[in-house]
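Chains as they are written, first to last, in the numbering used here: chain P, 1 to 290; chain Y, 1001 to 1362; chain S, 2001 to 2272.
Calculated from the structure, these hints are not laboratory results. No experiment lies behind these values; they were computed from the predicted model shown. Do not take every clue at face value.
Unchecked claim - DSSO-like cross-link-like pairs, simulated, lysine-lysine; straight-line CA separation at most 30 Å:
1. P:K101 x P:K184
2. Y:K1070 x Y:K1182
3. Y:K1070 x Y:K1175
4. S:K2102 x P:K184
5. P:K106 x P:K184
6. P:K186 x P:K106
7. P:K129 x S:K2041
8. Y:K1182 x Y:K1172
9. P:K186 x Y:K1260
10. Y:K1175 x Y:K1260
11. P:K241 x P:K129
12. P:K129 x S:K2049
13. Y:K1350 x P:K186
14. P:K186 x Y:K1172
15. Y:K1175 x Y:K1214
16. Y:K1260 x Y:K1182
17. P:K71 x P:K241
18. P:K186 x P:K101
19. P:K186 x Y:K1214
20. P:K71 x P:K129
21. Y:K1175 x P:K100
22. Y:K1214 x P:K101
23. P:K100 x P:K186
24. Y:K1214 x Y:K1182
25. P:K186 x P:K71
As the list claims (entries may be wrong) - Take a look, some chain P residues computed to stay more than 12 Å from chain S by CB distance:
26. R61
27. R78
28. E230
For each residue, glycine too, the CB sits at the ideal point set by N, CA and C.
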Amino acid sequence: MLLRRRHGTASRDKHKVSPIAPVLLFQTVFFVAPIGILFVYSFWRMQDFRLITEFSFHNYREMANNPLLIKAFFLSLRVALVVTVVCAVLAFPIAYFISKKAGRWKVACLVAVIIPFWTSFVLRAYAWKLLLGERGVINTGLVSTGIIEAPLSYLLYSPFATAIGLIYGFLPFMVMPIYTSLEKVKDSWIDAAADLGASPARATWEVTLPLCIPGLVVGCVFTFIFALGEYVIPAMLGGGKDLLMAQAIVLEFELSQNWPGGAAISVVLLAIVFAVVAAVLRWVKMEEVL
Amino acid sequence: MSEGELRAVTFRNVTHDYDGARALDDVSFEVGDGEFVTLLGPSGCGKTTLLRITSGFLDPTAGDVLLHGKSVVGVPPFRRNTSMVFQDYALFPHRTVAQNVAFGLRMRGMAPDEIRRRVDRMLDMLGLAGLGERRIGHISGGQAQRVALGRSMIVEPAVLLLDEPLGALDLKLRKQMQVELKRIQRQVGMTFLYVTHDQEEALAMSDRIAVMNKGRLMQYGTPHEIYRRPSSRFVADFIGEANLIPCRVAERRSDALVLKGPGASSFTAAPSGADPASGADAILVIRPENLALAEPPVPQANTIGAVVQELTFLGPSVRMTALAEGNIVLAVVIGPGGRLPAIGDRIDLKWKAEDAIVVGPG
Amino acid sequence: MIGAERKAGRSGWALGFYTALIYGFFYLPIVTLILFAFDAKEVPGLPLKDLTLGWFAAALSDRQLLAALSTSVWVALLSASLAVLLAMPAALALAWVRLPAKPAILGFIIAPMVVPHLVLGLGLLLLFRPVPGILGVAGVVIAHTTLNLCYATMILYSHLLGFQRSLVEAARDLGASEIRMFWEVVLPLSAPAILAAFLMSFTLSFGEFVAAWFVAGFERTLPIEIWAWLRHILSPKINAIATVIVAVSVAMTILAQLWILRRRNGARGGAA
Ligand SMILES: Nc1ncnc2c1ncn2[C@@H]1O[C@H](COP(=O)(O)OP(=O)(O)OP(=O)(O)O)[C@@H](O)[C@H]1O
Ligand SMILES: [Mg+2]
């Protein structure tokens, strides 16, 4: 199939395209079409549990007038932003350590970062429930050692718990691209900076950090959009009070059976995601970092 | 050389181990202020290690390093008044040429105006005027080399360390830059500690050469001394071409050293003060250009019989290899106008006693 | 070359200590999860009582859990195979054939990476509304294949970018037909990459919850089953089954990553 050169140029062109056709077809049917349908649904509406297939901005108007949704929207953005910043700050030194200091343990250190990432989110959220709960490991530990008197109730079922879970979930995704960038920063550049009088902190600021901006940006983008769209962690750790966008979408779908309403929130979420990605793609070439 | 102040760098019994593997073994020598000193030795002999110890990236396992008389062991690189030109130049890819050159001054907190003035002057001196705004990826290898040099020189270090700075250049540019480097060094009077494993480069550029092998300092001296008076077989063999004739010391006289060579031959050489004891094995070293055809009548002393094996024309001169008694291959350079024997001829080769060097067999 | 050998200093120790802390953060939850699988108490929590393997026995004889486990394994196997089968020819073409609009095609293939699984699940649910029969294993396999495709394509694409083309040309030169060349040269040399792509896809699918949740119909994958349990009770049975899953994921991740990282550290060719 591939690289067939026997035929004339015209048929060669046809053959060139054919190996990617299955993927493109698959993606069109099972990726583009679903999103297109969501988009269409978002302009329909539910009335008396029946779907009204008339075009209107009803759902978007409803959304704008629903203070709970507005709150969820801004809380989602805030949580995602905080998680992104915290992850970036936490990840840089680790990536630096792995890339520049780990020596022969480098591969082991990297794999150790990736392993938690490939463990199911449901299980990881459950694990944090065990840790953060009122009778969880942390509270029991703190109480029995006398550091606190009564268990801290805000550890679980709060935006704090959600943030912890998300940071835990996406930290590896931040470490990897930064590490990849750091691998391209030659040791001799860092040495040269030190040699010319830059203290380690200054050398990091002047040389290492600017050269890993591509990795940082990619890591931040992924963390931000993943955190924004994540459902399992807020649903299991966040409690029922302060909803995030993903929870709001599920509520609309499951509880209210308001599919168009849920579709509209999904479209807004998608719009933010694509806007962020598009903005970043103008600055960083994906292939540089992935 | 007598006052401590005058010595830019002093190495005192410097030893370094990498995880138990010895890279430097008890190296001691001094680099005078304004001197151009070259570290010369085969790959893996510890040259880079010594430079990195000087610049502070490594601490010696034992021994001491002094800059202008003050020990710097334990002082981190950014607090040392040394500067390194890296083999791959290590120019910052996210900065322009001018920003690269300005880096060290910025780290020292100099005023922007003053920095600009000095950078411009440095770029001028290096023939880089007008390239200041270029990105590092957009300059040639020779230009990059000069940017690296300027970036290090602008901070006026007590000693400039250069790790095979010409290694990445092609032969022609290399020769050109050798001349250029030497000129710049003379002009600014800066101390250069220069690493190369190219002996021609070392001979051409240095005030003094430190020949190293397997982590040891084999000899330290001017190019002339190193070439004319190598102190060991290794140095004789490594610097320039050398004919090595195994001998035994027959007699140590005050005015000459008498040696028994292969067969019944007997040689004399000028005493050097560090000659092997009587009866010890030794190596007689003679440079190819100091060997000549002996016309009859052949003198008794300092000649050796051989059979011509090969003649190679090198333009004006001819290089001859001949097989002497005891299966010793000798190289001879016959200058223009000299008589040329034919291949297979039996010849006698002679040399002057003062051109013969005696070293230990090790 | 010598760069690695540098003085540690105080800041070096601080960095090492910090890194150790973060690794602690990474593994504390996982260790907790595993620890309670061996504790005899009915409700997982401190302090630990007696050690037991009873929860493993209980979990592995629980019909519902086992059924979910087998569904998950099937879904993961099918979606990973499908993803690799679709991705391999695409990666070959992208890496080796001059295609017009290659960046656009690459971007299109990677796009599902950034779309929240939740949104994809909902979209597929709406798409399948006219054919409710698809909901179930088929639906989940489709959802997971969509998610796996981007990762599988990227892994294979980066491998093929770094592939020594002269080998292919040599084989052609020696008279191998295209099909033979593929079987005799390209496939054997790509086996580790294909395995890595497969394992990565398998692991991803095996643990995925949200998208599956929407399109699973009355079927339950293991994450859905666990999710349903966790709504009602915390039981060490879940910890036991989680321990098994973690062990399997860890093994697979190590297998897959060791290959990817070795390549990335070695050849500078491709972007993984
Ligand atoms: N980081 C290191 N870890 C262990 N051994 C090292 C390290 N760096 C160098 N060595 C060893 O120390 C010895 C000296 O190395 P060094 O780099 O100083 O040699 P060099 O003279 O600069 O060689 P070259 O001319 O090849 O650059 C070598 O045997 C080398 O293998
Ligand atoms: Mg070296």
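### Query
Among the hints numbered above, which are violated by the structure, and what are their numbers in rising order?
Checked against the structure, the hints that fail are numbers 3, 9, 10, 13, 16, 21, 25 and 28, while the rest are satisfied.
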